[in-house]
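Student: All chains should be modelled from the sequences, with the hints used to inform the complete structure.
Residue numbers (this note's numbering), protein chains in the order written: chain A, 191 to 467; chain B, 33 to 331.
Any given hint could turn out to be false.
To be verified - To list a few chain B residues with every Cβ distance to chain A over 12 Å, as calculated:
{"no.": "1", "residue": "L94"}
{"no.": "2", "residue": "N102"}
{"no.": "3", "residue": "W111"}
{"no.": "4", "residue": "F118"}
{"no.": "5", "residue": "F126"}
{"no.": "6", "residue": "T191"}
{"no.": "7", "residue": "K224"}
{"no.": "8", "residue": "H227"}
{"no.": "9", "residue": "Q239"}
{"no.": "10", "residue": "V244"}
{"no.": "11", "residue": "G281"}
Claimed, not checked - Computed footprint of chain A on chain B; a stretch qualifies when at least three of its residues, placed anywhere within it, have a C-beta under 8 Å from a C-beta of chain A:
{"no.": "12", "region": "59-68"}
{"no.": "13", "region": "166-178"}
As the list claims (entries may be wrong) - Chain A regions said to be covered by chain B (calculated; three or more residues, Cβ under 8 Å):
{"no.": "14", "region": "200-210"}
{"no.": "15", "region": "218-224"}
{"no.": "16", "region": "274-285"}
{"no.": "17", "region": "392-402"}
I should point out that these hints are in silico values taken from the structure, not numbers from a laboratory. In this text, a Cβ means the ideal position worked out from N, Cα and C, and glycines have one as well.
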Amino acid sequence: MSRKALMRWGGRLVTLLTIAGIGLTLLPYFWMLSSSLKTGSEVFELPIRWLPREPQWSNYPDALSRGAFGVYFFNSTLVALAVMAGNLLFCSLAGYGLAKFRFPYRELSFRAILSTLMLPLEIVLVPTFLVVRGLGLVNNYGGLILPLAVDAFGIFLMRQYIKDLPDSLIEAARLDGCSEHGIFWRIILPNCTPALGALALLTFRDNWDQFLWPLIVVSKDRLKTFPLGLAQMEGIDSAAYHEIMAIAVIAMIPTAIIFLFFQRAFVRGIALSGLKE
Amino acid sequence: MFRQKAGWRGLSLQTRLCWAGFLFVLPALLHLIAFKFYPMVEAFRLSFYTYDLMSPPVFHGLENYRAVWNNPLFHQSFWVSVKYMFGVSIPEWFLALALALLLNRRMPGRPLIRLAYFFPIAMSQIVVAMVWKFMYNPLGVVNTVLGSVGVGRINWLATEETALPALILIGIWRGIPLFGVIYLAGLQSIPKEYHEAATIDGAGPWQSFIHVTIPLLMPTILFVMVMSLLSAMKVFLNPLVMTEGGPNGTTRVLPYFIYETAFAYHRMGEAAAASMVLFAFAFALTLIQLRLLRRGGVE
Chain A
191 MSRKALMRWG
201 GRLVTLLTIA
211 GIGLTLLPYF
221 WMLSSSLKTG
231 SEVFELPIRW
241 LPREPQWSNY
251 PDALSRGAFG
261 VYFFNSTLVA
271 LAVMAGNLLF
281 CSLAGYGLAK
291 FRFPYRELSF
301 RAILSTLMLP
311 LEIVLVPTFL
321 VVRGLGLVNN
331 YGGLILPLAV
341 DAFGIFLMRQ
351 YIKDLPDSLI
361 EAARLDGCSE
371 HGIFWRIILP
381 NCTPALGALA
391 LLTFRDNWDQ
401 FLWPLIVVSK
411 DRLKTFPLGL
421 AQMEGIDSAA
431 YHEIMAIAVI
441 AMIPTAIIFL
451 FFQRAFVRGI
461 ALSGLKE
Chain B
33 MFRQKAGWRG
43 LSLQTRLCWA
53 GFLFVLPALL
63 HLIAFKFYPM
73 VEAFRLSFYT
83 YDLMSPPVFH
93 GLENYRAVWN
103 NPLFHQSFWV
113 SVKYMFGVSI
123 PEWFLALALA
133 LLLNRRMPGR
143 PLIRLAYFFP
153 IAMSQIVVAM
163 VWKFMYNPLG
173 VVNTVLGSVG
183 VGRINWLATE
193 ETALPALILI
203 GIWRGIPLFG
213 VIYLAGLQSI
223 PKEYHEAATI
233 DGAGPWQSFI
243 HVTIPLLMPT
253 ILFVMVMSLL
263 SAMKVFLNPL
273 VMTEGGPNGT
283 TRVLPYFIYE
293 TAFAYHRMGE
303 AAAASMVLFA
313 FAFALTLIQL
323 RLLRRGGVE
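Tutor: Dropping the structure here:
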């Protein structure tokens, strides 16, 4: 075999390996889906049963009836959307201010904002709880949402993007007599939809997933988020794995749909976080 | 420069712009002061007090630090965290780069293959925790598959030697696609001409990788190194839901230790003192990161 043919076959082999690797990546999710449709006894059956004999669709309503999952779903969605809205608004405002204006202590403000990247919730957990308690927001939607409504990463992302927009765009609007906030709403926001899209998706995903913060700030069942509800169900009834998997499948639906529809923006957002541009 | 005159319209354009810019930044700045800077100062202050959430805080000097320092569970947690951070990060650095290189090759169906690899990034942490807990069950699929090659049943999450490695494996599996995306973006930003020039100069694929790809990818590599450590540092959900920090504290990472001290034992001051250690980790890593961001053209 010639060297060239060898290279070609080698390339094909690598491609095949790449495709085979997908199996390792997705297998746990396949297992979850398949197990969610099995009977309780099929779940641990030997030899391994990759697909259920007969899909048990009733697992889903049965599992959902084991907790107020409708409420948890609503709470998670509400929190994720509210935190997302807060981040989109405040981060783009701040990003615009930092990118296109000169004012005293601007660089200091930017550094201060960036420095909060090293203060994740895990570190300021106790005092943040005390602040929220002081505001009377324990066991309250406000307490779930407010501390997360602005994130320095979002400000950084928006600043980087807005910085690359041409100044002439803003100056022309200003000459036309457009007010400063009018420029923000009518010129800046429409021109940074890619960055806004990426930020929206990333914040939605991260906050649909919120676990630690709701765990601490909420104890009433009607305020629990979906991850909390799922963990709680698992803690109580750790044997009924087919039903736990059914709830897990439901938990992955919102982010999975968003990913499949907006995967370009999603991937770009993550790539943007890698200090590109 | 900051003197307020009668009426917005009466100000000179320059002063007006100065104010406008400041006002745009203000809401975010106030939020971060209330929910980041003030809590941080408060955490530092609290670390010198005894406080149980009920009775008023009492000043106790360095007592909390001494208590934490003399607590063998804290030392254990510290080392569990260090092991977890490096155990997850180091394999991620290499495997994520390998994945990015594979996905950067020309091949049929590339968009679909990329989609399949990146799909797990969208998945919730809680879903991941549940699925793996199910798979690590003594009767679960991990043991079934290993059993078919002659390995005996292991209760992965309840055995001291295997619990932390089991969690580390999940961390790696979860991180590869995420950092793969970042590496891939880095690879795509390398102009093709560089590789073509290297090929013309007689470089093979390996030499071109070592002498062209790696140096140009260096900012991304450093970024991934820091980010992976930072995110592994914060792991909390998996130890809580999968092992409850056990068996025997072998998976009680620092965030879990802090959570337990504060909200199970109500020793807020000690928890604050322990968070200072976590902060020291984050501080060191973020300093490196900010330096890299600056080099990446932020300023």
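Student: None of the hints should be skipped; say for each whether it holds.
Tutor: How the hints compare with the structure:
Its beta-carbon lying about 18 Å from the closest one in chain A, L94 of chain B satisfies the requirement of being farther than 12 Å from that chain. At the 12 Å boundary, the C-beta of N102 of chain B stays outside the reach of chain A, the nearest C-beta of that chain being 20 Å off. With a minimum CB-CB distance of about 18 Å to chain A, W111 of chain B clears the 12 Å threshold, and the non-interface call stands. Chain A leaves F118 of chain B outside its interface by the beta-carbon criterion, the shortest separation being 18 Å against a cut-off of 12 Å.
With a minimum CB-CB distance of about 15 Å to chain A, F126 of chain B clears the 12 Å threshold, and the non-interface call stands. No Cβ of chain A approaches the Cβ of T191 of chain B within 12 Å, the least distance being about 18 Å, so the stated non-interface status holds. A cut-off of 12 Å between C-beta atoms confirms that K224 of chain B is not in contact with chain A; the least separation is 17 Å. The Cβ of H227 of chain B lies farther than 12 Å from every Cβ of chain A, with a closest approach of about 16 Å, so its non-interface assignment holds.
Listed as a non-interface residue, Q239 of chain B keeps its Cβ farther than 12 Å from every Cβ of chain A; the least gap is roughly 16 Å. Every CB of chain A lies more than 12 Å from the CB of V244 of chain B, the least distance being 19 Å, so the non-interface label holds. A cut-off of 12 Å between C-beta atoms confirms that G281 of chain B is not in contact with chain A; the least separation is 18 Å. For the region 59-68 of chain B, the stated coverage by chain A holds: 8 residues have a C-beta nearer than 8 Å to a C-beta of that chain, and at least 3 were required.
Only when three residues or more bring their CB closer than 8 Å to a CB of chain A does the claim for the region 166-178 of chain B stand; here the count is 8, and the claim holds. Using a Cβ-Cβ cut-off of 8 Å, 6 residues of the region 200-210 of chain A lie near chain B, which meets the minimum of three, so the contact claim holds. With 4 residues having a Cβ less than 8 Å from any Cβ of chain B, the region 218-224 of chain A passes the three-residue criterion, so the hint holds. Proximity of the region 274-285 of chain A to chain B, defined as three or more residues with a beta carbon under 8 Å from a beta carbon of that chain, is established by the 4 residues found.
A count of 5 residues in the region 392-402 of chain A with a Cβ less than 8 Å from any Cβ of chain B is obtained; the coverage claim is therefore met, three being the minimum.
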